[in-house]
Amino acid sequence: MSSPIIFFLIFIALTLAITYWASKQSAGSAAYFAAGRRIMGWQNGFAIAGDFMSAASFLGVVGLISLFGVDGFVFAWGGLIAFMAILLVVAEPLRNVGKYTMADMLAYRHRVRPVTAMAAVSTLVISTFYMIVQMVGAGALVSLLLKNSGISYSTAVIGVGTLMMVYVVFGGMLATTWVQIVKAMLLMSCTVVLTILVLRHFHFSFAALFAAASQVTSHAKGQEVVRDFLQPGLRFRLPYGPFELLSLVVAFLFGTSGLPHILSRFYTVPDAKTARISVVWAMVLIGAFFIMTSILGLGAATILGPDYIMTHGGTNMSTPLLARFMAGDIFFAFVSAVAFATILAVVAGLTISASTSFAHDFWTNVIHRGVERKAGETVLVARGAAFFVAAASMIIAILLGPTANVTVLATLAMAVGGSANFPVIVLSIFWRRFNTAGALSGLIVGLLSSIGLILISPTVMAIDPPNVAGSVRHLIQAKAWFPLENPAIVSVPLGFLGAWLGTLLSRDTSLNAKFDELLVRSNTGLGAEQA
Amino acid sequence: MAAGNGLQTSGAVWNRIAQSSQFKHLIKAKKAFILPAFLLFAGYCLLMPLLTAYAPRVMASKAAGVSVAYGYGLSVILLAWVIVWLYVKAAARFDVLANDIVAEAKRHAKKSE
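Chains A and B supply the protein sequences, listed in that same order.
Position one of the first sequence corresponds to residue 67 (this note's numbering), numbered consecutively onward.
Position one of the second sequence corresponds to residue 505 (this note's numbering), numbered consecutively onward.
Quick caveat, the hints were computed from the structure, so don't treat them as lab data.
Where is the CB? At the ideal position from N, CA and C, for every residue including glycine.
There could be a bad hint or two in this list.
[To be verified] Quick look at which bits of chain B chain A covers, simulated, 3 or more residues with Cβ under 8 angstroms: (1) 534-543; (2) 547-557; (3) 564-574; (4) 580-590; (5) 593-604.
[Stated by the list, open to error] Below, a list of computed lysine-lysine pairs in the DSSO-like style, where the Cα atoms sit at most 27 angstroms apart: (6) 339/A - 534/B; (7) 532/B - 339/A; (8) 339/A - 593/B.
Given these sequences and hints, build the entire structure.
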């Protein structure tokens, strides 16, 4: 048995023990969906960081920096800026007025059933999208990391899917949270060690690292090329480069606040103040993490070189390859196992937010008008939903097969979150005139425009040369109609526009008086769900 | 929806609190911090792609071996941390104001029982 598998088995044993412990804790809806609202600030901070630092960050961002230098660094600091809107605008109001989901807040001042139904659809679309990204990443990693272990892509996807099913179905939010905390700690310590190793390689001299990074040699079409990795322009080239970059920054600024698995973390803490403290923890951790990834990325580019990375598995392999080069096979194994743990934990977080939205929003609040017919029905439905969500994403991930850099795909999920959910959350909190029709049209326009633009973007549409086959081949073989990979710069304003127009055109002011209630509740915590 | 801490929750109660000077003061104080802080931060982030597009030589120039583009990225993270720190301090003030409003609301609720 190879050593990555041993490390991974240890992690699985640990997380199953957590799940067993969590399943023995108190039962009930608040326990299952929100970990009894008793998670502490620093714990939730680690869990948020864990939710956000997916394989896309640990493997993808380092990979992008190792190939595109400072242009790849945008994906790193971009990850942190996403939390500013969460800290200042979203986290505390959400904790004060919500129960388990974003839809709870919208329901205060809009007609409950249509808005909740639409919010649930948007939540399910975003989480499924993001989850497939993670599952594909998990499977693709296996074929690279455990090349000689006999574990195939499909086996890995089924393994990840089954484990997350166990965590979520039996352990609920409590188990998911602790799996997330453990993983975030592993990921952070792994990154710190690797960063120190890279810096030691340069005798702890940043000047030496930057000097090396400004002369990276690689080969393209048989020609030797020396490029400065600290100069912009390696990825974002003209004519659309700057707009692509602008769109990416917009997606980051507003997108994370629309990601359901991040939003659901704020219901697990006792009050709004703890929600705030947990975002602060998360921002410190994530900022430090991304500064380190830039050192790892530049380290991989200079120590290994882009040629070596491309011939040994591509961008997603930069981190593990660096680990092997710096500290040998055992550390390579450990880093690989941490990468798996990362995917597993993020997927579990997504599964629970998707199943919560289905059970609490759709089943109980929309279909049964807010009444549980039997005690514990919502939790039961959520467990069933978790089972189906896991099964469906396993099948889709196996059908899709291993594919491109996961960071790009994860960023697209963020664009959908920012275009559909973010405008509606913000306008509900700040705009007295906002109404049900506006919320519905904002969600629908944001969702359709972001997905539609992705479908006609170079991510999906392109003409491949005939020798490109399989899952790398673009879905639609034609010139892309929309020039940017990331739609956020167009779709986020469209989401706001949809919400605004819907409000004005419908002229419905019947529930505007409820704005006072939402305003008072969200700003003072009066009447908030208690721990 | 039932309130978690046993307050009566008719629309009139919410309207009364929303109209109170204490509450208006809280909202004003929050807006005065959050709006400029977010706009400043978002502006600083969005400036980076614009500089890359319209002042590529500035972004490519170097000081002490580091390009402005890389330094800019780092400075975004540092600016974020500074705003976080300022917000934590400001939010402590908001908490005091909010607690006063909650206490007042509870007194009022008791009186009318």
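These are the hints, each one checked on the structure:
no. : hint          : result
1   : 534-543       : holds (count 4)
2   : 547-557       : holds (count 7)
3   : 564-574       : holds (count 8)
4   : 580-590       : holds (count 6)
5   : 593-604       : holds (count 3)
6   : 339/A - 534/B : holds (14 angstroms)
7   : 532/B - 339/A : holds (19 angstroms)
8   : 339/A - 593/B : holds (12 angstroms)
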